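Visitor: Listed here are the chains, written in short residue letters.
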Amino acid sequence: MKQEISALMDGELFDDDVGMVMDHLKRDHATRMNWATYHLIGDVLRQPDHIHSDLSAKVHERMRDEPALLVSRGHAVKQKMRTFALSAVASLSAVGVVAWMSLQISPEIAPQLAMQQAAMRPASMQIQPKSDNYLMAHQEFSPSTDVNGGASYIRTVSYGIDDSPPKNNQTEKQAK
Amino acid sequence: MRLCVPLCGLLLAVSANLHAEELPVGFDWLEVAAFAGHQTDYSGVFVYQFGNQVETSSIVHINDADREYEKLESLDGPKRELIRHDGQVWSYDHDKLVQLDSRQGSNQFPSLLPEQLSALKANYQAKLLGVERVAGYNAQVILFQPKDNLRYTHKLWIHTDTGLLLKAAVLGERNRIVEQYAFTQLQLGGKVDRSWGGTCDLADMHGKTLATTPEAAKNYPSTNSGWVADALPAGFNKIMEILRPMPGKHGPVTQIVYSDGLSAISIFIEPDDHDEDDVDGLSSRGAVNLYHKVLDQYLITIVGEVPPHTVMQVADSVRYNGK
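Quick mapping for you: the protein sequence lines, in order, are chains A and B.
Quick note: the first sequence uses the UniProt record's numbering, first residue 1, plus one each step.
Quick note: the second sequence uses the UniProt record's numbering, first residue 1, plus one each step.
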């Protein structure tokens, strides 16, 4: 059903199927949630500056309204475990959705997605030794050279490049 | 400069004279450290850690009649040596000295320009965190916390007597350590062993003139290329724009440098040579992030000691504004 929803959003669904998906959307709450989530993901990818979904206030409000539960400790722990397990599943499936979306969405959005992912994994890729010249040229004029002295040049000398796992390189390319 | 202990007091007097207005707490230490980094004689071993890597290096720094000699040597992994003298950099490569770079105006003091200082005050909050021991010396700990999330937090351990930086950490989100380096062993002042180790003897080199390549010896011409970046974080002032040679490049490369007083962002612009190896996108080493992108037949490279999203934000805003 998730694939159909995405196809519907992209206007790539046949008329017969549109009716079917619409029907599903009307009846099934989970499908409606997927619909909303996909639109949110799309909006974030297209206009990251305009999304302000500060949930903390809402969460705070809900917490205040939550009745104090007077239950035995063992029960509460079990409950917690279950919530954790559920949220873990939720985040896993969210990752799945994003990865899957990256295959589905149009090519001009894909680089943006790759950039977003790069932002999420800052230390994903080591600077290549052939870029050392840029680091050296930058280091000359960086104020860190004044304060840290020659020690700051340590960044420009790549000793340990052989140790860096090459597989990061591949994932980066796949993401694109 | 063998009399290290009175240096600090003298230095405070000097810096008080230089700036009519009193430097705020914390920022004065920065100036002291910058001065001491040039003036102090020291030798020692320090560790540099970033990500899951740790590297150990040795360093010797000598200031003889305002001429600086410095040698940096890797102690683990393949042997690498870096020699700095009067703002020029050489590297030992297979027993041959290769000049890498020369720094313009190396003796610029004070190193904190007034506009950089005001950028510092406007964008960072300095906090004194007490005195800790590093490599057996007492150090004043100072935290520079940025007021936005476009730059890193810097934590410095500065020797209370000489003002030398003994340890430095760069912290990112949730105070996660991005990189840090610290002396584990250090000799100061007259105790520096001038004949200390390595293939290139500093004492031997002392007083001799190192060969300079013709292109490195002359200052790079400043230029006004017409390239601009619109989305620099507040307080990053343009320090210079030069046309410079770069090893491995056919033609000169335009370099524009911006700084907020603690970190810098460089933008390099050169004609795109369609080199497949220039990986597009983001890469990093410690606190330094690098971003390559091709724009209108030009290869744009952004380098800075700022978080990845800042480098990307700057890269996205680079455009040609000339005729």
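Please note that the accuracy of each hint is not assured.
Claimed, not checked - Beta-carbon label-pair distances, calculated as ranges: (1) A/K58 with B/V45: 39 to 45 Å; (2) A/P129 with B/L243: 48 to 54 Å; (3) A/Q3 with B/T184: 36 to 42 Å; (4) B/K79 with A/K58: 54 to 60 Å; (5) B/G322 with A/H29: 53 to 59 Å; (6) B/D148 with A/R27: 46 to 52 Å.
I should point out that these hints are in silico values taken from the structure, not numbers from a laboratory.
Bear in mind the structure is a predicted one, so any value in this text is a computation, not a measurement.
The beta-carbon is built from N, C-alpha and C at its ideal position, and this holds for glycine as well.
Visitor: Quick check on a hinted range of 53 to 59 Å for B/G322 and A/H29, using CB atoms only.
Guide: Holds: the Cβ-Cβ distance is about 57 Å, inside 53 to 59 Å.
Visitor: For the range 48 to 54 Å, tell me whether the beta carbons of A/P129 and B/L243 fit it or not.
Guide: violated, 25 Å
Visitor: So the hint says 36 to 42 Å: do the beta-carbon atoms of A/Q3 and B/T184 match that?
Guide: For A/Q3 and B/T184 the Cβ distance comes to about 57 Å; the hint is violated.
Visitor: Between A/K58 and B/V45, does the C-beta distance stay in 39 to 45 Å?
Guide: violated, 53 Å
Visitor: Quick check: does the Cβ-Cβ distance between B/D148 and A/R27 fall within 46 to 52 Å?
Guide: At 47 Å between Cβs, range holds.
Visitor: Given a hint of 54 to 60 Å, does the C-beta separation of B/K79 and A/K58 actually sit inside it?
Guide: holds, 58 Å
Hint compliance for this structure: hints 1, 2, 3 are not met, and every other hint is.
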